[in-house]
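Here's the letter readout for the chains.
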Amino acid sequence: MSILYDEGQQAIATESRRVLEARVSKEELLPLLETSGRYHEGYWTTAKEQGWTALALPEAYSGLDLGLVELGLIAHQAGRSLSGAPFLTSNFGAAKAIELYGTEDQKAKWLPGLASGETIGAVAFASGANALPARPALTLTGERLDGVMTGVSAGLAADIAVVFANGPGMPVLAVAELADVKRTAIASFDNSRLYADLEFADTPAETLVTGGAAREAALHILALQAVITAHEQAGGAEAMMEIARDYAVTRRAFGQPIGAFQSIKHRIAEIYGLVELARANCIHAASREGQSDFITAAAAARISATEAYDTASRDCVQIHGGIGVTWELGLHLHTRRARSLAIEQGNLLFWEDVLVDRLTGEAA
Amino acid sequence: MSDLEAYRAKAAAWLESMVPTYGKAARKGLSEADDLALARKYQKAKFDAGYAGINWPTEFGGQGKGHLEKVTFDTEEMKHGFPSFYFGISLGMPIPVLMQFGEDKAWVKERVLKALQGEEIWCQLFSEPAGGSDLAGLRTKAEPDGNGWKINGQKVWTSWAHYSDYGVIVVRTDPNVPKHKGLTYFWVDMKAPGVTVRPIKLVGGDSHVNEVFFDDVKIGDDHRMSPVGGGFAVAIATLMIERYVATDSAGFGPHLDLFVELAKDTELNGKPAIEDGRIRQQIARNYAMRSGLQSITARAMAMMQAGMTPGPEGSLNKLVAVRSRQKLSELAIDLQGSDGFTYDDHASQKEDWTSSWINAPTGRIAGGSDETLLNTIAEKILGLPQDHRPDKGVPFNQIPA
Ligand SMILES: Cc1cc2nc3c(=O)[nH]c(=O)nc-3n(C[C@H](O)[C@H](O)[C@H](O)COP(=O)(O)OP(=O)(O)OC[C@H]3O[C@@H](n4cnc5c(N)ncnc54)[C@H](O)[C@@H]3O)c2cc1C
Numbered sequence: 001m002s003i004l005y006d007e008g009q010q011a012i013a014t015e016s017r018r019v020l021e022a023r024v025s026k027e028e029l030l031p032l033l034e035t036s037g038r039y040h041e042g043y044w045t046t047a048k049e050q051g052w053t054a055l056a057l058p059e060a061y062s063g064l065d066l067g068l069v070e071l072g073l074i075a076h077q078a079g080r081s082l083s084g085a086p087f088l089t090s091n092f093g094a095a096k097a098i099e100l101y102g103t104e105d106q107k108a109k110w111l112p113g114l115a116s117g118e119t120i121g122a123v124a125f126a127s128g129a130n131a132l133p134a135r136p137a138l139t140l141t142g143e144r145l146d147g148v149m150t151g152v153s154a155g156l157a158a159d160i161a162v163v164f165a166n167g168p169g170m171p172v173l174a175v176a177e178l179a180d181v182k183r184t185a186i187a188s189f190d191n192s193r194l195y196a197d198l199e200f201a202d203t204p205a206e207t208l209v210t211g212g213a214a215r216e217a218a219l220h221i222l223a224l225q226a227v228i229t230a231h232e233q234a235g236g237a238e239a240m241m242e243i244a245r246d247y248a249v250t251r252r253a254f255g256q257p258i259g260a261f262q263s264i265k266h267r268i269a270e271i272y273g274l275v276e277l278a279r280a281n282c283i284h285a286a287s288r289e290g291q292s293d294f295i296t297a298a299a300a301a302r303i304s305a306t307e308a309y310d311t312a313s314r315d316c317v318q319i320h321g322g323i324g325v326t327w328e329l330g331l332h333l334h335t336r337r338a339r340s341l342a343i344e345q346g347n348l349l350f351w352e353d354v355l356v357d358r359l360t361g362e363a364a
Numbered sequence: 001m002s003d004l005e006a007y008r009a010k011a012a013a014w015l016e017s018m019v020p021t022y023g024k025a026a027r028k029g030l031s032e033a034d035d036l037a038l039a040r041k042y043q044k045a046k047f048d049a050g051y052a053g054i055n056w057p058t059e060f061g062g063q064g065k066g067h068l069e070k071v072t073f074d075t076e077e078m079k080h081g082f083p084s085f086y087f088g089i090s091l092g093m094p095i096p097v098l099m100q101f102g103e104d105k106a107w108v109k110e111r112v113l114k115a116l117q118g119e120e121i122w123c124q125l126f127s128e129p130a131g132g133s134d135l136a137g138l139r140t141k142a143e144p145d146g147n148g149w150k151i152n153g154q155k156v157w158t159s160w161a162h163y164s165d166y167g168v169i170v171v172r173t174d175p176n177v178p179k180h181k182g183l184t185y186f187w188v189d190m191k192a193p194g195v196t197v198r199p200i201k202l203v204g205g206d207s208h209v210n211e212v213f214f215d216d217v218k219i220g221d222d223h224r225m226s227p228v229g230g231g232f233a234v235a236i237a238t239l240m241i242e243r244y245v246a247t248d249s250a251g252f253g254p255h256l257d258l259f260v261e262l263a264k265d266t267e268l269n270g271k272p273a274i275e276d277g278r279i280r281q282q283i284a285r286n287y288a289m290r291s292g293l294q295s296i297t298a299r300a301m302a303m304m305q306a307g308m309t310p311g312p313e314g315s316l317n318k319l320v321a322v323r324s325r326q327k328l329s330e331l332a333i334d335l336q337g338s339d340g341f342t343y344d345d346h347a348s349q350k351e352d353w354t355s356s357w358i359n360a361p362t363g364r365i366a367g368g369s370d371e372t373l374l375n376t377i378a379e380k381i382l383g384l385p386q387d388h389r390p391d392k393g394v395p396f397n398q399i400p401a
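Heads up: the sequence lines are chains A and B, in that order.
Per full-length UniProt numbering: the first sequence = residues 1 to 364.
Per full-length UniProt numbering: the second sequence = residues 1 to 401.
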């Protein structure tokens with residue numbers, strides 16, 4: 001896969017940006033923060049209508065047969081407009097797990113629904129700081145799952161979840177139906193991500209992979225999701241950079257635009273550096289799907305995108321002075337999203353470990 | 001035991017006795033109105049016990065003690081989560097300025113006593129939409145009106161204006177002279193006709209700052225606290241008033257111990273996170289930063305006790321501590337991973353990492369942004385040249401907007 005976007009890919013970027021800018025507004029996003037359990041329904045409808053849910057899935061299962069690069073382009077625009085209900089990443093991760101590791105029956109059963117967006121998927125691997133814990137929180141016995149998963153992104157609305165669990169003596173990757181799972185919405189600082197604690201009790205589940213391959217498979221799914229999330233982070237960081245830049249040329253203090261002060265000017269230039277490094281890493285990672293260095297590339301994308309988004313949102317607020325910390329202006333929507341994306345799909349510590357493991361051949 | 005140590009022990013014991021009624025636990029779950037009511041009672045209790053206006057002159061109802069006693073008390077007080085912040089601005093700046101510059105001493109004394117007992121609150125009306133860091137860029141104007149003045153314009157970011165009885169205000173009285181020269185300093189009655197207070201909701205969800213609109217607000221010339229056109233000097237005096245306040249090297253966020261506990265309780269790669277090199281490095285660096293600030297403060301106290309003047313390094317506190325609080329809070333959230341999404345908007349910034357993180361930006365802006373603090377250090381302490389200032393010497397009404 002090339003690292004230069006072709007015309008078709010550029011059209012995806014332009015079109016998704018246009019659509020998102022027309023349909024997602026800050027005015028709709030702010031109220032979502034005030035209670036848990038709601039999400040941007042318009043965005044999800046748009047994602048389905050536009051075929052984004054089907055984009056990176058095989059044609060045989062109602063997909064569009066495009067890949068990580070195209071989905072990444074959309075995620076970048078979603079990040080810019082802060083649109084993301086969590087589903088695009090979570091659906092994609094769940095679908096990829098089934099596509100890559102499921103049986104024909106499992107694929108036929110789940111993929112068309114995930115592609116159309118009628119079925120919502122979640123990926124639930126993490127235990128606290130451990131994105132892929134040595135001792136998973138769930139246990140699979142026969143075809144039944146038990147245990148509690150905390151802080152599952154999209155967990156409140158998902159129909160199925162791909163989980164990483166303890167199987168008989170070894171880890172497994174499995175897909176569980178959530179209809180009868182007890183869910184508790186989490187009151188979060190980013191309340192549109194549908195974070196929930198899920199209580200599995202004798203919940204039906206089907207195995208996808210077991211043993212050592214299950215861990216590898218889970219890491220691969222996380223990496224795929226991480227690349228999409230990194231695009232979203234890079235998009236958010238880019239938006240913060242532009243907002244900061246626009247403010248710096250209009251806001252005046254001491255008889256000049258604040259952008260004339262080096263403390264402001266250099267900061268925005270530094271953000272530019274971070275954003276471009278993140279973007280380059282994202283493009284590279286998306287183009288390495290299926291190659292042996294994919295995980296390494298995904299980790300690099302994730303690390304630089306997390307740094308870019310956290311820094312850009314921190315600095316953008318600072319550059320705005322007092323107005324930056326108001327509820328109304330909504331810069332905090334980005335600040336919040338920067339943090340929630342930073343811990344979804346594995347925190348910085350996790351990806352740093354993955355990267356160094358790969359580079360040195362030694363586990364932490 | 002030195003006199004100061006004896007003072008500290010006595011204050012600590014008194015504060016301890018107040019905890020059940022006014023401490024953190026007692027305030028839990030209170031509405032802001034109820035919390036303020038409790039705060040007023042606490043302030044009165046402090047007054048009655050001789051702990052209000054500790055370093056203020058006795059002629060105004062203060063205790064006539066030294067600055068050290070004041071800081072010592074504040075340091076002890078900070079430990080318990082008492083509701084004292086409603087009076088932070090009021091007793092921190094406007095009232096001391098009133099004592100220094102107010103003309104009618106009987107009236108001043110009455111105000112000071114009421115403020116010290118928590119009955120009246122004062123706010124500071126400096127910042128405006130077009131004048132925050134650039135304090136002399138103010139546009140709210142006062143025009144002569146009979147024997148007094150008439151104020152029109154808008155202030156912004158006025159902390160606690162919605163609870164305030166009075167405020168100190170800087171306004172433009174002459175737009176035809178360079179910007180610093182056309183300002184005058186007054187006090188205003190916040191309940192006067194024409195004053196409208198509108199709360200601003202902040203990122204963390206609370207609304208303790210306000211926009212304040214002045215619409216033909218009439219005040220007498222006896223409200224004036226500076227010569228006409230001499231307001232900037234008094235404004236600067238206001239900002240300089242308490243150079244050494246009780247500082248908090250945690251940047252008013254959680255103590256480092258809480259981070260250490262979190263790192264001990266969190267598992268990373270099958271081991272306690274406290275064993276992870278990256279976490280240990282952050283703890284070490286944070287500790288070094290905090291201990292440096294504490295030592296600066298301790299040395300300043302010792303110098304003051306010895307009758308010397310502390311160095312300007314005290315100004316580093318807010319700059320260094322809040323930035324590092326912001327980053328440490330981010331790391332604390334990271335460290336909780338998928339358990340880190342939770343947010344309780346009533347949680348205390350000093351005990352909850354998420355609350356600390358979401359509110360940290362205000363600390364880097366309010367009371368002088370990082371950038372202006374760095375400018376001050378560079379120019380005033382290190383003697384570096386001033387930025388190019390195209391507005392210098394230009395009459396205010398000729399500065400391009
Ligand atoms: C929670 C809170 C409470 C407050 N309470 C009060 C109060 O009670 N009373 C009151 O009067 N005010 C209050 N303020 C206002 C506060 O003092 C101002 O917000 C602050 O001084 C910054 O001004 P500004 O918001 O206009 O930002 P601006 O001055 O517009 O600054 C925008 C950006 O430009 C930068 N900048 C500006 N000038 C320079 C320069 N020369 N060199 C380099 N960078 C520069 C700033 O650092 C900032 O990053 C409060 C603010 C907050 C957030």
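By construction, these hints were calculated from the structure, which means they are not laboratory data.
Check each hint, because a few of them may be wrong.
Unchecked claim - Only pairs whose alpha carbons sit at most 27 angstroms apart, straight line, appear in this in silico BS3-like list of lysine-lysine:
hint, chain 1, residue 1, chain 2, residue 2
1, B, 380, A, 265
2, A, 265, B, 79
3, A, 26, B, 201
4, B, 79, B, 141
5, A, 48, A, 26
6, B, 28, B, 141
7, B, 24, A, 265
8, B, 114, B, 65
9, B, 114, B, 79
10, B, 264, B, 201
11, B, 318, B, 24
12, B, 141, B, 44
13, B, 24, B, 201
14, A, 265, B, 327
15, B, 181, B, 218
It should be emphasised that the depicted structure is a prediction, and the values quoted were computed from it without experimental measurement.
These are the hints, each one checked on the structure:
1. With a C-alpha separation of about 22 angstroms, the suggested pairing of residue 380(B) with residue 265(A) holds against the 27 angstroms cut-off.
2. The straight-line distance between the Cα atoms of residue 265(A) and residue 79(B) is roughly 40 angstroms, outside the 27 angstroms bound, and the hint therefore fails.
3. Restraint check for residue 26(A) and residue 201(B): satisfied, since their Cα atoms lie roughly 15 angstroms apart, inside the 27 angstroms limit.
4. Under the criterion of a C-alpha separation no larger than 27 angstroms, the hint pairing residue 79(B) with residue 141(B) is inconsistent with the structure, at around 42 angstroms.
5. The straight-line distance between the Cα atoms of residue 48(A) and residue 26(A) is roughly 21 angstroms, inside the 27 angstroms bound, and the hint therefore holds.
6. This hinted pair does not check out: residue 28(B) and residue 141(B) have alpha carbons roughly 43 angstroms apart, beyond 27 angstroms.
7. In summary, the hint linking residue 24(B) to residue 265(A) is not supported, as the alpha carbons are separated by about 43 angstroms, beyond the 27 angstroms threshold.
8. Note on residue 114(B) and residue 65(B): the hinted pairing holds, with a Cα-Cα distance of about 20 angstroms set against a maximum of 27 angstroms.
9. At roughly 26 angstroms between alpha-carbon atoms, residue 114(B) and residue 79(B) fall within 27 angstroms of each other, so this suggested pair holds.
10. Of the pairs offered as hints, the one joining residue 264(B) and residue 201(B) is violated, with about 36 angstroms between alpha carbons and a cut-off of 27 angstroms exceeded.
11. Between residue 318(B) and residue 24(B), the direct Cα distance comes to roughly 24 angstroms. Compliance with the 27 angstroms bound is thereby established for this hinted pair.
12. Using a Cα cut-off of 27 angstroms, the hinted pair residue 141(B) and residue 44(B) is violated, with the two alpha carbons roughly 37 angstroms apart.
13. Only pairs whose Cα atoms come within 27 angstroms are accepted, and residue 24(B) paired with residue 201(B) is accepted, the gap being roughly 24 angstroms.
14. Distance hint between residue 265(A) and residue 327(B) is fulfilled; the C-alpha atoms sit about 22 angstroms from each other, no more than 27 angstroms.
15. As the CA atoms of residue 181(B) and residue 218(B) are separated by approximately 23 angstroms, the hinted pair is consistent with the 27 angstroms bound.
The earlier numbered hints that this structure contradicts are 2, 4, 6, 7, 10, 12.
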